[in-house]
Amino acid sequence: MDELIKRAKELLEAGTVKVVIGYENGSADKTRALFAIEPKDADKLIFDSRCVMNLATYITKAEVKGKGKMAITATLPVMRAIIQLASEFQVNDSNLLVLGITPESKMIEFKDLAEVEAFVHKYTIEIEAKYSEKLEKLDKMTPSERWSFWIEELSPCFKCYACRAACPMCYCHKCTVEFNQPQWIPVPSHDLGNLEWHMMRAIHLAGRCIDCDACYNACPLGIPLNLLTKRMLIDAKEHFGGYQPSIKADHLMSTYKPDDKDNFIM
Amino acid sequence: MSKIGVFVCHCGENISATVDCARVAETSGKLDGVAYSVDYKYMCSDPGQSLIKSAIKEKGLTGVVVAACSPRMHEPTFRKACAEAGLNPYMCEMANLREHVSWVHEKGEATTEKAIDLVRILVEKVKYNQSLNAIKVPVTKTALVIGGGIAGIQASLDIANTGHKVILIEKDPSIGGHMSQLSETFPTLDCSQCILTPRMVEVAQHPNITLYSYAELESVEGFIGNFKVKIRRKSKSIDEKLCTGCGLCTTKCPVKKIPSEFNEGLGMRTAIYVPFPQAVPNKPVIDREHCTYYLKGKCRICEKVCPIQAIRFDQEDTIEEVEIGAIVLATGFSVKQPDFFPEYGYGKYPDVITGLQFERLASASGPTLGEIRRPSDGKVPQNIVFVACAGSRDEAKGIPYCSKICCMYIAKHAMLYQHKVHGGKSYVFYMDIRAGGKNYEEFVRRAIEEDGVNYVRGRVSRIYEKNGKLIVKGVDTLLGAMPVDIEADMVVLATAGVANSDAEALAQKLHVSYDAYKFFAEAHPKLKPVETNTAGIFLAGACQSPRDIPESVSMASGAAVKVACLFSQDELTRDPLIAVVNRMAPPVYSSCVGCFLCVSACPYQAIEKEEIKNRAGEVIKTLARVNPGLCQGCGTCVAFCRTKSIDLQGYTHEQMYTEVMALLNEY
Amino acid sequence: MAEFEPKIVAFVCNWCTYAGADLTGTSRIKYASNVRIVRFPCTGRIDYMLLVKAFDEGADGIIVSGCHPNDCHYTSGNFHARRRWIMFRSLCDFIGIDIRRIKFSWVSAAEGAKWADIVNSTVAAIRELGPYEEYQKVAKKPVKEVING
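Top line first, the protein sequences correspond to chains A, B and C. Position 218 of the first sequence, counted from 1, bears residue number 218 in our numbering, the numbering being contiguous throughout. Position 113 of the second sequence, counted from 1, bears residue number 113 in our numbering, the numbering being contiguous throughout. Position 11 of the third sequence, counted from 1, bears residue number 11 in our numbering, the numbering being contiguous throughout.
Calculated from the structure, these hints are not laboratory results. Wrong hints could be hidden among the right ones.
[As the list claims (entries may be wrong)] Dumping the calculated DSS-like pairs for lysine-lysine here, alpha-carbon to alpha-carbon at most 30 Å: (1) Lys613(B) with Lys18(A); (2) Lys257(A) with Lys509(B); (3) Lys621(B) with Lys67(A); (4) Lys609(B) with Lys67(A); (5) Lys111(A) with Lys609(B); (6) Lys69(A) with Lys44(A); (7) Lys613(B) with Lys61(A); (8) Lys518(B) with Lys257(A); (9) Lys174(A) with Lys621(B); (10) Lys107(B) with Lys248(A); (11) Lys438(B) with Lys528(B); (12) Lys621(B) with Lys69(A); (13) Lys609(B) with Lys65(A); (14) Lys69(A) with Lys613(B); (15) Lys107(B) with Lys114(C).
[Unchecked claim] Have a look at the derived ranges for each label pair, beta carbon to beta carbon: (16) Ala165(A) with Glu133(C): 30 to 40 Å; (17) Glu133(C) with Lys69(A): 28 to 38 Å; (18) Lys107(B) with Glu133(C): 30 to 40 Å.
[What the hints assert, rightly or not] Coverage of chain A stretches by chain B, computed from C-beta distances (three or more under 8 Å per stretch; other residues unrestricted): (19) 84 to 93; (20) 170 to 178; (21) 181 to 193; (22) 251 to 258.
From a predicted model like this one, the values you see are computed outputs, not experimental measurements. The beta-carbon is built from N, C-alpha and C at its ideal position, and this holds for glycine as well.
Same shape as in the complex, but just chain A (with noise of 0.2 Å):
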């Protein structure tokens, strides 16, 4: 990645950009997040297949946007969320400058968003098989069945939030979660409130989660917390067309076709 250091050295010699946002490698084999300041700073960029935290968690953080214009090191899911950032009005061209990494690990350097955009739209998102193959198995399973499955699967959670960390999406300053008046979702971990969370969560999610799996990777017991996002990127499209992130494009849950689906009204 010597062309990414290169660049990221020159944006921040020429004062184009005061944060590069980069993986640089952590304890253990593990990567971490790096901000690069300095030009010397840029040295330490890296990128291989264990930079998989996605890294537009950054951007909507006010000490990383408080330092002025960002650049980010950006793979295709890093870069859907800022494209869905930008559609929520989080970033903009004015403030962000994408370093875009193929999945062909190839560097494109993009203009303004509305290239990314079109670069994110060569790719449909498509559920991995191996998450396909657990989604299938659920269905087959009798509510019931289901029901027991996710109190169970859930049980461990100790609401940590480092789900809600991890995920881009999860930039609000005060989360449903935090609202004691009325105390929307209850504060233990117990069943219920781990149930209600993580419903609340992935609800929230619906027509805005890129499927990048940072919540699953982030959760320090392996809950499956991804299958509830993902379930919900299946119905998209099943009911609504599916999901593709866009800046000027309606919202997939703020908007609504006179003909949505309707046969299970009475």
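Please arrange chains B and C on chain A, whose structure you already have, making use of the hints.
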């Protein structure tokens, strides 16, 4: 600490026959926060209301629950009573013990239990009610009327005569609309122009009316009482102030073969033209699509002949920005283009014409000066066939509705034909005769009985030419579906009335709803026929559905009164049950993160972006803000907001949550 | 032991279904008394979390009802609501919440008889399904067999 009063109504015996009202009052009295509870025979009666008022004063009640009939019935009554006793009206809620309990359940324990539950829910809700004040919105007392047909003319005159300003815009060079094209009008056969033109002139001369002809609506922003409207005044290529309307230019214009819109293509006009002699304003416009100068850069004859140099080739469209308090939509309708019926040969045979074309033939100001002569060779047709329901009531053609005016104008056409062509034979193919209206049925009978028009009940399947005659193939269903072939010299199709092609776009511009046929939708089919679902926008005439002249005029006057009612107040008072975005102390300002998904979800475009700036004027946060003038209080945004940053007054998160909690938990 | 009386919460819009239920009353059509109506201005206002809360607090069944498509008093609140219902219902099903216990319907202000039918059929269906013990076990609420004492 809440001090809530619960007032249980017997509604005579309507409630008490199945619900133990005394027990409801007694049980409610024990609820936390209830300071007073009582049951009474008629809570809505004067003594009943006094009971509430004195309890508010004496017990110092902070909230009231009236357990009686549907809030849709008496909520305003009891809220008013509370206000009279000094309690904020929005601190009063109603439990529906009549429509939802006593009238639908048998007498018994379960019914009384349900009544108690419903009261409990609302007692808990009222604890979270907030004092609200009615929203006051200023009113700009100028109306915009869109469309200068008879409906728009009538609405403009009526509004102007109440003393308010009106801006009337018309897309064509002259006002008058379809009515100006008509020959004579049913059921009196008075000349359309004769009754219409004085009204047109009145519009032009009225001190309260500003007429913009050749103008269209560009955009609308704002809300009832406070619309900001942009009007595109299309370039007429003349200086209207200078032009005297002498008409010299129109006589000298070399482009003379443009089918006249006014004459429905049966006559020709020039490129610089006045649509018809009685046009208002009576000043020409240049049709740039046909003018030689605009097409080829040469000519300018009109400029040379104009005695006062009023031609302006370089004139551009101008945008007029006006502030408007109410809008009347009177854009009328169109006639379905008959190429829609290949089986009737319209376009293929010049002597198959539309009803509107027949009007021009029958009109004294028309291309034949009122003589019925067929387009192909100018001969007077000796046999004429009128085909009713050409498109209308034909589901296969996508127009299942009745166009309403055709039965009457066909009778008129046939009658006019019989009056003008002595010895001529006329036939009307019809499905049913719909002649509902004052003197309408008599009129149709006259056509049949006195003027000898032959009415044949049946549909026409085909029209084709044979030996110079138009063969009309139909059936007579009153004679056992006997085939009827008529050799006609001319055929008139009563083509369906349809919405204008730009109706949908206009509706979207105005955020007015429309039906499946693109006619604008009234707010209520019975009780709000001239209102739309968008406050401050009213309907008149055939833009709502096909209508005849008296109906269009009545609607126009109705809409005008609605506007006048609105303009009779300096400020509008609106229910404060609207959405609000929460505000918090800096540096947070609000839990709203400005994703603006609510903006696209709002049916009223009531949510806008609000920038919070620091002292240096830099934007530090962008939040959603609900415009209280536009918000109608549906709450779609509320359920949508992930951060629960928007709440709906009167139906807040706390109130609704509490209701659900109270409903399922007995205390 | 008394027959199981299901607790049913109805979330309805003010303009169509609430008015429709008023008409049921005005028409004196009788129906099961198990349902409790919570009035909203529009189906668009109905927060799906409230449905979850209703189950938390012991509801055995839920009715959500509003204006027919194109009849919404607010033009499109019901259309937005429907899109959310589609997703929410699917999520519930995926989680294993018994979606037979959530009935969605369009009941207009003129459909008083339909409202009675909706309530009666829902009560019958929930009666058949029995108390929602599976959920209550998780919500840690004791299941009450009879609603009225």
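Out of the numbered hints, which ones does the structure contradict? Failing hints, ascending: 10, 17.
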